[in-house]
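**Student:** Going down the list, the sequences are from chains A and B.
Letter by letter, the first sequence follows residues 1 to 113 in this note's numbering.
Letter by letter, the second sequence follows residues 114 to 226 in this note's numbering.
Because the hints were derived from the structure by calculation, they are not lab data.
Ideal Cβ positions, reconstructed from N, Cα and C, are used throughout, including at glycine.
Be a bit skeptical, because a hint or two may be false.
To be verified - Taking beta-carbon pairs under 8 angstroms as the criterion, some of the chain B residues facing chain A (in silico):
| no. | residue |
| --- | --- |
| 1 | Tyr-138 |
| 2 | Tyr-152 |
| 3 | Gln-155 |
| 4 | Gly-156 |
| 5 | Leu-157 |
| 6 | Leu-159 |
| 7 | Lys-182 |
| 8 | Phe-203 |
| 9 | Thr-218 |
| 10 | Gly-219 |
| 11 | Thr-223 |
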Amino acid sequence: KAGVTQTPRYLIKTRGQQVTLSCSPISGHRSVSWYQQTPGQGLQFLFEYFSETQRNKGNFPGRFSGRQFSNSRSEMNVSTLELGDSALYLCASSLAAVTDTQYFGPGTRLTVL
Amino acid sequence: AQSVTQLGSHVSVSEGALVLLRCNYSSSVPPYLFWYVQYPNQGLQLLLKYTSAATLVKGINGFEAEFKKSETSFHLTKPSAHMSDAAEYFCAVRINTGNQFYFGTGTSLTVIP
Numbered sequence: 001k002a003g004v005t006q007t008p009r010y011l012i013k014t015r016g017q018q019v020t021l022s023c024s025p026i027s028g029h030r031s032v033s034w035y036q037q038t039p040g041q042g043l044q045f046l047f048e049y050f051s052e053t054q055r056n057k058g059n060f061p062g063r064f065s066g067r068q069f070s071n072s073r074s075e076m077n078v079s080t081l082e083l084g085d086s087a088l089y090l091c092a093s094s095l096a097a098v099t100d101t102q103y104f105g106p107g108t109r110l111t112v113l
Numbered sequence: 114a115q116s117v118t119q120l121g122s123h124v125s126v127s128e129g130a131l132v133l134l135r136c137n138y139s140s141s142v143p144p145y146l147f148w149y150v151q152y153p154n155q156g157l158q159l160l161l162k163y164t165s166a167a168t169l170v171k172g173i174n175g176f177e178a179e180f181k182k183s184e185t186s187f188h189l190t191k192p193s194a195h196m197s198d199a200a201e202y203f204c205a206v207r208i209n210t211g212n213q214f215y216f217g218t219g220t221s222l223t224v225i226p
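Here chain A stands alone, though its shape is the one from the complex (with noise of 0.2 angstroms):
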């Protein structure tokens, strides 16, 4: 089975300027979560997506936002970037209940200047 792929791996945008990252869950997961990776922050939980519905939302302002599709892939979009935005945004996929494992992608590393 192919990994969880997120595109693009690499991004730099310019302060005010937006954005917008893909995942590809692997075949068969239902489950789409989002993180935002940083040196001082360390992993945190953006939000979680099943079956096309938002499940659950971490401490995110509204500039952070996403969706799912039909089969599974979700975006996120990043709106009126920050230099703090400036991050590693990990995906990670999985079949659907809270024991199940998340598999990680290998993020899209976002420069903002």
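Got chain A; can you put chain B on it based on the hints?
**Tutor:** The following block gives chain B in isolation, referenced to the frame of chain A:
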């Protein structure tokens, strides 16, 4: 509230020595506990998970962890460190309600030849 504390942001061991990475959790309900490893420029890979079955959990690459409810701990061990074990290790907790992961801040393991 749920949280995860990893004691020691950096741990150094000699090749062949015991690896011990500490993780304590805080949860008001029985948790599901996970250890992940992250190699440079890669996503997270599951090492092992505890989901209320056996308290001693064996994972990949010779790692194991023991769930101790009385100590609210889930420390990760490996009897003999290998150079390839050098990486960042994350402990995570997930509870049935809320359905999101809470990650520790990570422990960077260095293996000295």
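**Student:** Now look at each hint and say whether the structure bears it out.
**Tutor:** Status of the hints after comparison with the structure:
Checking Tyr-138 (chain B) against chain A by beta carbon gives a least distance of about 15 angstroms; that is not within 8 angstroms, so the hint is violated. Using the Cβ-Cβ criterion of 8 angstroms, the hint placing Tyr-152 (chain B) at the interface with chain A is not satisfied: the shortest such distance is roughly 10 angstroms. Annotation: Gln-155 (chain B) was flagged as interfacial toward chain A, and the flag holds, the nearest CB pair being 6 angstroms apart, inside 8 angstroms. Checking Gly-156 (chain B) against chain A by beta carbon gives a least distance of about 4 angstroms; that is within 8 angstroms, so the hint holds.
Using the Cβ-Cβ criterion of 8 angstroms, the hint placing Leu-157 (chain B) at the interface with chain A is satisfied: the shortest such distance is roughly 4 angstroms. Taking 8 angstroms as the C-beta contact cut-off toward chain A, the hint placing Leu-159 (chain B) at the interface holds, the least distance being around 5 angstroms. Checking Lys-182 (chain B) against chain A by beta carbon gives a least distance of about 17 angstroms; that is not within 8 angstroms, so the hint is violated. The closest approach between the C-beta of Phe-203 (chain B) and any C-beta of chain A is roughly 7 angstroms, which is under the 8 angstroms cut-off, so the hint is satisfied.
The restraint placing Thr-218 (chain B) at the interface with chain A holds, with a minimum CB-CB distance near 4 angstroms, inside the 8 angstroms limit. With 8 angstroms as the threshold, the beta carbon of Gly-219 (chain B) comes within range of chain A, its nearest partner Cβ sitting at about 6 angstroms, so the hint holds. Given the 8 angstroms rule on beta carbons, the hint for Thr-223 (chain B) is violated: about 17 angstroms separates it from the nearest Cβ of chain A.
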